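The residues making up each chain are set out below.
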Amino acid sequence: MGPELDRLISLLAKLPGLGPRSARRAALALIQKREGLLRPLAAALEAAAAAIRPCSVCGNLDSTDPCGICADDRRDRSVICVVESVGDLWALERAGAHRGLYHVLGGTLSAIGGRGPEDLTIPQLLRRVAAGGVSEVILALGATVDGQATAHLVADRLRPLNVEVTRLAHGVPVGGELGYLDDGTLAAALRARRPA
Amino acid sequence: MERWQDEAIVLAARPHGEGHAIVSVLARARGHWRGHVRGGASSRQRGLWQPGNVLAVAWSARLADQLGHLTGEPVAAIAAAAMDQPWSLAILASACAVAEAALPEHEPHPLAYAGLAGLLARIGEGVSLAADYVRWEVALLAELGYGLDLSACAVTGRRDGLAYVSPRTGRAVTAEGAGAWAERLLVLPRFLRGDSAAGPGEVAAGLRLTGHFLARDVFGLAHRPVPAARLRLAERAEAEGT
Numbered sequence: 007m008g009p010e011l012d013r014l015i016s017l018l019a020k021l022p023g024l025g026p027r028s029a030r031r032a033a034l035a036l037i038q039k040r041e042g043l044l045r046p047l048a049a050a051l052e053a054a055a056a057a058i059r060p061c062s063v064c065g066n067l068d069s070t071d072p073c074g075i076c077a078d079d080r081r082d083r084s085v086i087c088v089v090e091s092v093g094d095l096w097a098l099e100r101a102g103a104h105r106g107l108y109h110v111l112g113g114t115l116s117a118i119g120g121r122g123p124e125d126l127t128i129p130q131l132l133r134r135v136a137a138g139g140v141s142e143v144i145l146a147l148g149a150t151v152d153g154q155a156t157a158h159l160v161a162d163r164l165r166p167l168n169v170e171v172t173r174l175a176h177g178v179p180v181g182g183e184l185g186y187l188d189d190g191t192l193a194a195a196l197r198a199r200r201p202a
Numbered sequence: 070m071e072r073w074q075d076e077a078i079v080l081a082a083r084p085h086g087e088g089h090a091i092v093s094v095l096a097r098a099r100g101h102w103r104g105h106v107r108g109g110a111s112s113r114q115r116g117l118w119q120p121g122n123v124l125a126v127a128w129s130a131r132l133a134d135q136l137g138h139l140t141g142e143p144v145a146a147i148a149a150a151a152m153d154q155p156w157s158l159a160i161l162a163s164a165c166a167v168a169e170a171a172l173p174e175h176e177p178h179p180l181a182y183a184g185l186a187g188l189l190a191r192i193g194e195g196v197s198l199a200a201d202y203v204r205w206e207v208a209l210l211a212e213l214g215y216g217l218d219l220s221a222c223a224v225t226g227r228r229d230g231l232a233y234v235s236p237r238t239g240r241a242v243t244a245e246g247a248g249a250w251a252e253r254l255l256v257l258p259r260f261l262r263g264d265s266a267a268g269p270g271e272v273a274a275g276l277r278l279t280g281h282f283l284a285r286d287v288f289g290l291a292h293r294p295v296p297a298a299r300l301r302l303a304e305r306a307e308a309e310g311t
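Going down the list, the sequences are from chains A and B.
Each residue of the first sequence is one higher than the last, beginning at 7 in the working numbering.
Each residue of the second sequence is one higher than the last, beginning at 70 in the working numbering.
Since the hints were made in silico from the structure, they are not lab data.
Here the structure is a predicted model, which means the values were calculated and not measured.
Positions of the beta carbon are idealized from the N, C-alpha and C atoms, including for glycine.
Do not take every clue at face value.
Rough simulated footprint, nothing fancy, chain B against chain A, three-plus residues with beta-carbon under 8 Å [said to hold, decoys possible]: (1) 141 to 152; (2) 156 to 162; (3) 182 to 196.
Per label pair, the in silico range of CB-to-CB distance [what the hints assert, rightly or not]: (4) A/P26 <-> B/T238: 56 to 62 Å; (5) B/E71 <-> A/P26: 45 to 51 Å; (6) A/G122 <-> B/E176: 26 to 32 Å; (7) B/A308 <-> A/I58: 51 to 57 Å; (8) B/E307 <-> A/G185: 44 to 50 Å; (9) A/S69 <-> B/W73: 50 to 56 Å; (10) A/G93 <-> B/A244: 27 to 33 Å; (11) A/A57 <-> B/E307: 44 to 50 Å; (12) B/W73 <-> A/V178: 42 to 48 Å; (13) B/R107 <-> A/P26: 34 to 40 Å; (14) A/A97 <-> B/W73: 56 to 62 Å.
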């Protein structure tokens, strides 16, 4: 196997979800479809590397700055949804349930990972809210100890700015059956019950 | 093949690879152990391996000093009970981080386990648990060999009126015994002298007291920083005047 192929396989193996075996299969598929897949993919990668940058307002990834979401006048600019990563932003956009703006924190507090408040984009969020026009901040962070510790910290920092701070509910997923839920989720769902 | 089973508290979980995790647990009879959890960071198992959760764990390895593998079944979902309340979550995160960083591995620490399990069992109580958290840190210091002597004044020998602790020796001092040195001493909150509830500012004072000895004797000697979760808990107490 030539060094070019070796390098292609070793790079593909670094992608999430791919190991050495699946990287080898992906490399083979790319080479067998040289014109239909390999060259367009190489061109797309080149274009993405050149054009895609983090949005200076919200931290989203896009080829324009501000990103398409921040620049969209039809979105509700009074509501900012705070997410941990761009992947979470994409998940919320896929759901189509949020029509406001976003703010990507860039992670959560993590003692193990050595990530503190100074490593997150909390000051940028505070500046956006302090600039005015924001009535609600939704904390859409993971239901983990690190995620919720981050949510409480952000809520504490937002308190002096007199903005409504809400967070996502924790509980029974759509399609979930109670018998299969873990104890923690069931308890959280019971605590968050509301009038029927 | 080495293997054991025990009830354990999850102290920390570090992602390993895409879906796995390296997890630290404090086992009731065996103390602080780490192990590789296959799928521990996957969406199915991530909730199980959250700090504070109590699990029935099984550890196995070819040799006793290897990292080993951990598997677990839920016993009590403590982390979920703490998530809604800032104080509960701050106490849980701090207790687990301090235990993880302070307790040496592969040594039984039944008293530390019992204290932490007792604290976690009441985690939903929020800020009213903060004084007990400070008491747990005092007990942890004692278990690690750095116990405070709060029985009598180091200067006068009196057993009543204790108001300060020497930051050098960890011995209690009365206000009269402290004299002009009072400003250089650590305040001894009343709730550490008996079973009384903590008054305003006393939890913060208690955290300053235990924090000094944890930083100097436990983490300092090991050249480790004080865990960030412990610093945030102290900041919360100072900010709220608790």
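These are the hints, each one checked on the structure:
1. Coverage of the stretch 141 to 152 of chain A by chain B holds [criterion: at least 3 residues with CB-CB distance below 8 Å; count 3].
2. Only when three residues or more bring their CB closer than 8 Å to a CB of chain B does the claim for the stretch 156 to 162 of chain A stand; here the count is 4, and the claim holds.
3. Figure legend: the stretch 182 to 196 of chain A, annotated as covered by chain B; annotation consistent (6 residues with Cβ-Cβ distances under 8 Å, at least 3 required).
4. Take A/P26 and B/T238: their Cβ atoms lie about 59 Å apart, and the range 56 to 62 Å holds.
5. Checked against the hint of 45 to 51 Å, the pair B/E71 and A/P26 fails, with Cβ atoms roughly 30 Å apart.
6. Take A/G122 and B/E176: their Cβ atoms lie about 30 Å apart, and the range 26 to 32 Å holds.
7. For B/A308 and A/I58, the hinted distance range of 51 to 57 Å is not satisfied, since their beta carbons lie about 40 Å from each other.
8. In this structure the hint that B/E307 and A/G185 lie 44 to 50 Å apart at CB holds, the actual value being about 45 Å.
9. The hinted window of 50 to 56 Å between A/S69 and B/W73 holds, with their beta carbons roughly 55 Å apart.
10. Checked against the given bound of 27 to 33 Å, the beta carbons of A/G93 and B/A244, roughly 58 Å apart, lie outside it.
11. In this structure the supplied range 44 to 50 Å holds for A/A57 paired with B/E307, their Cβ-Cβ distance being about 47 Å.
12. A C-beta distance of roughly 36 Å is found between B/W73 and A/V178, which places it outside the suggested range of 42 to 48 Å.
13. At roughly 19 Å, the beta carbons of B/R107 and A/P26 sit outside the given window of 34 to 40 Å.
14. At about 40 Å, the beta-carbon gap between A/A97 and B/W73 misses the expected band of 56 to 62 Å.
Hint compliance for this structure: hints 5, 7, 10, 12, 13 and 14 are not met, and every other hint is.
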